[in-house]
Amino acid sequence: MSGAETGLHVEGLSVSIGRAPILRDVGFSVAPGEVRGIIGESGSGKTMSAYAVMGLLPRAARMEGRVTLGGQDIGGMSERDMCALRGQQIGMIFQEPMTALNPVMTIGAQVAETVRIHGAGSRRAAMARAAEVLERVGLPPDEVPLSRYPHELSGGQRQRVVIASAIALRPALLIADEPTTALDVTTQAQILALLARLVREDGMGLMLISHDLAVVAGMADAVTIMKEGRVVDSGPTEALFRARRHPYTQALFAASTHVPDPVPQPPEPPPLLQLRNVERSYVQRSGLFGRPTQIRAVRGVSFDLAAGESLGLVGESGCGKSTLGRAILGLDPVDGGEIRLAGAPVHAGPTMPPEQRRRMQVVFQDPFGSFNPRHRVRRILSEPYHALDDPPGPQARATAISDALSDVGLDAADADRFIHEFSGGQRQRIAIARALIIRPELILLDEPVSALDVSVRAQVLDLLADLRRRYGLSYLFISHDLNVVRAVTDRVMVMRKGEIVEAGPTGQVLDAPQHDYTRALIAASPRLDAPLREGSRG
Amino acid sequence: MIGADPQTGTGGAPGGGAAAFAGLWIGAALVGLFVAAALLSFVWTPYDVTRIDVAAKLQGPSAAHWFGTDHFGRDLFSMIMVGARTSLAVALVAVGIGMGVGVPLGLTAAALRGGWLDELIMRANDLVFAFPALLIAVMITAVFGPSAFNAILAIGIFNIPVFARLTRGAALGYWQLDFIRAAQVCGKGRARISVEHVLPNLFNILIVQGTIQFSLGILAEAGLSYVGLGAQPPLPSWGRMLAESQTMFSFAPHLALFPGLSILLAVLGLNLLGDGLRDRLDPRRGLAP
Amino acid sequence: MLRFALFRALSLGLSLVAASLVVFFALEIVPGDPAAAMLGVNAQEDTLAALRAELGLDRGPVARYFDWAGGLLRGDFGISYTYRTPVAQMIADRLWVSLPLALYALALTLLIAFPAGLAAAARRGKGTDLTIMGVTQLGIAVPNFWFAMLLVLAFSITLRWFSAGGFPGWEAGVGPAMKALTLPAIALALPQASILTRVLRSALIETLGQDYIRTARARGLTRRQVLWRHALRNALIPVLTIIGLQFSFLLAGAIIIENVFYLPGLGRLIFQSIGQRDIIVVESVVMLLVFAVILVTFLVDLAYAAVDPRLRRPR
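Residue numbers (full-length UniProt numbering), protein chains in the order written: chain A, 1 to 538; chain B, 1 to 289; chain C, 1 to 315.
A couple of the hints might just be wrong.
Stated by the list, open to error - Okay, derived cross-link-like pairs now, EDC-like style, lysine to aspartate or glutamate, Cα gap no bigger than 16 Å in a straight line:
id : chain 1 : residue 1 : chain 2 : residue 2
1  : B       : LYS188    : A       : GLU355
2  : A       : LYS227    : A       : ASP453
3  : B       : LYS188    : B       : ASP178
4  : A       : LYS227    : A       : ASP25
5  : B       : LYS57     : B       : GLU244
6  : A       : LYS497    : A       : GLU355
7  : B       : LYS188    : A       : ASP389
8  : A       : LYS497    : A       : ASP516
9  : B       : LYS188    : A       : ASP332
Simulated from the structure, these hints should not be mistaken for laboratory data. These figures come from a predicted structure and were not determined experimentally.
Extracted from the complex, chain A is given alone in its bound form (with noise of 0.2 Å):
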């Protein structure tokens, strides 16, 4: 199919499900050897864009509009032509890769897949090609053999078995939606770096799904902007980072790179949590009845919280964070060393005395598991009290929750509603709440806002400032985003299997790290400002 028109071109795209409008009126194009960014917070109709150009939209969807590939119309296509063309001239990579994978199909069968699907060979030659791929994306067969089975792969292996499945057939158009939202930093970096790698040998078409700005500005040409259902801005990547005509692009950028005014903090506090030579370790069986490993999730971390600071906790997921977190709440044991919170010692268990348990709360990533969905806000928030020796009273109580609900920005008849009513931003308001009710003088903040959107997210962390300016709190914030905690926190620490290597006041550590860990964390962190800092793109 030889036409003047090449790559995707997405023509006054509509789809509604059933009298709900999912897309109205979107248009965009990806030239051959071309990275286009689609960038939008949580429906913005971003994903729904890609199952359109996939032919995958829900049974119920009605679609108008006009979707070429290489000029050939693929919009009105047959469920029966969409499968020849799908794998074979277009390829799509997923969000979660742990998922992604058939679990009881070995690698090597499913790379192989996509070559025997569209009768390219036999089954011999499609392994033959799997591995091929296989090692064109980093998976050479002698280090990772064919005949591995999904679960024995990281997270970041079986993105690359996706991506090689998708790209077997070279396609002229990979999809990836948000490829690398659920990886590590390190790891996010090599991803994109294979995607960029594979475009510019192939000449393939990227279309990059992303809500993160930052992944998007290092990879893409050309980006389009999307909201509610709406491309509300698009052009070159440099010229609309530049010039962010739209305010809704400039409200994503304020929000990306939103920094809380800072906390004033007191002079020389006491320390409030101090932790000595902390060791925590279980054990883990490989499967029902593989020999039982010692795992050391957490050697010999010391450190001190002062009064009023907050402390930044970085490092990738497996690094023992939050196993660390779980021993400082006196949710699991120590195994060597001691946690001291205002001079007294941390136990597990229900054994800690409640004068105790009453200086510290906690608030979780999760804004949808952290509250039992069958109570109402108002029996929520009580729950700390049962950490008080002297309850207050019914009248007393009913203030204390009005009070702390307006101090996060909620209205005191939130009281009454249970907690599917809210919004994720409004829930982790209320978490915040819950923590807050028997003031603390410690919060520790697991992930707070790693799944919120951008624009939630500044709100949020602006509140938090505010609290903690207002009650004088300390907070242990605990994240894989370095630009997040270079917002909140006074200073940092970084963790990496079990071990702080580098700690220190937060400016200092993320602009002049010493340790090569730090050094390596900061060079994979996207950058916003990626495109400016690079001129043109070559």
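Given the coordinates of chain A, assemble chains B and C onto it according to the supplied hints.
For chains B and C alone, kept in the frame of chain A given last:
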């Protein structure tokens, strides 16, 4: 992001909401009828089920005897009403035993996951699971002789591991969630968390499973009474009515037809109700508190 | 895989020991004096004493358990009090009716459930699916022994295609013997096939909603191809559990169904023995059936590992 996946739409009952909704109400109506017949039989039946009237024996359905009469001339409709009472009582108590023992065991096992008590409870469950209700009934009867109580006990014991496993599995899922951790940070112990936070979230699945076990209980009671391990004369029971009809049903098929249909409709009603409730209460479809 | 099998085999052995203890305790210790239980309330004292000596009841419970369990291992189940013949021989004769019946019914169950479940899942929400779901809803609710009576009424009494009951024995040839087992097997299979169809359908639908199905569709597989190549094998994991459970229901169900068709199987034996208080026979049959259930659980565990690589030892 749109939650529905693009290839499959959503699962659940065929034909979507309407069919499930109709099923729920048909089920509720059948179960209502069944319960009403059982309760009414305490105060009124068209005929006395113990009255023998040999002159009126083996009559087919008529205006006087809606479902006909048996070989002693007893009114089949009245017997079915009283039989509903037996079925209801046996199945209800058996589900009660299963839930009453199984749910606390499952909650305990989940709260102490990986500990020796968890292991012990689950292994004991596996062991009981190796004994089908029929074999339990056989053993009890071999020792104590046949009675309706045996049937209750046998079905009840069989239900224990069903509820224990279900409870443990579902409770483990909740123990992974952060709201449990938040409660622990507030100093709440495992027992308190099990009762306050875990159990209320299991109500939905327990109601659904309870309905299913109820219907299985009715089937099991009928089977046990049919082979003589359950209800004994003169207590009317659907299963025993079928056993008694066996030598006569070639010339008096109504004797087998009506008790069998009663079992079928009662079980069907409970299953439809259970499926309907499952669709209604499925937490994935928005948790209705 | 070998290590997994050994581990499961060890657990199988422990389950059998535990189950034998339960059976022994329930039928020999709980009744107090099994001899009295066998002979009933009107038994003479000297008859009782003779029976006690004959059954070895004059010794301690631990010694009696080891005697009994050792006998089971050697295939010596004791002597029936009523018939004065070895229980092992009585059971072996009857087993040749009950076991083929249960297996026949299992085969029918699988033959019905797999096509029906796949068809319903492939055409979800369409007429085929609605019909299959409606029929299976009825199939689950029907008591199998009543369904058996209806089958007799229709095919034996009215149409005269099958005899209404009895068993010619395997000596009469495989054909006639299988024919005699056909109606009972259908009666047993229908409710179980209904359950399995629904389980398979919902497992397939659940699987079809997984992320890897989307990945496979993005590779260019059609709906039918993802169903067969990806969904079916993953759906087998929950389905295997049900098949394992069903075998024990089929065995128990066979015991009840034999009554409808006057088949000389374990069911007839067990109910006769209960009537005659022949506890040794009851004990042996129960133990044998429990053994069968535990063995099937073991085989299902092995099948899991064959289907799901995550359960095998990671290399």
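Against the structure, the hints:
1. Of the pairs offered as hints, the one joining LYS188 of chain B and GLU355 of chain A holds, with about 14 Å between alpha carbons and a cut-off of 16 Å not exceeded.
2. With a C-alpha separation of about 12 Å, the suggested pairing of LYS227 of chain A with ASP453 of chain A holds against the 16 Å cut-off.
3. Under the criterion of a C-alpha separation no larger than 16 Å, the hint pairing LYS188 of chain B with ASP178 of chain B is consistent with the structure, at around 14 Å.
4. A C-alpha spacing of about 12 Å is found between LYS227 of chain A and ASP25 of chain A, which places the hinted pair at or below 16 Å, so the restraint holds.
5. Proposed proximity of LYS57 of chain B and GLU244 of chain B is supported: the alpha carbons are some 14 Å apart, at most 16 Å.
6. This hinted pair does not check out: LYS497 of chain A and GLU355 of chain A have alpha carbons roughly 33 Å apart, beyond 16 Å.
7. For the suggested pair LYS188 of chain B and ASP389 of chain A, the alpha carbons sit about 13 Å apart, so the restraint of at most 16 Å is met.
8. Under the criterion of a C-alpha separation no larger than 16 Å, the hint pairing LYS497 of chain A with ASP516 of chain A is consistent with the structure, at around 14 Å.
9. Pair hint LYS188 of chain B plus ASP332 of chain A holds up; C-alpha atoms about 14 Å apart against a cutoff of 16 Å.
Against the hints set out earlier in the document, a violation occurs for number 6 only.
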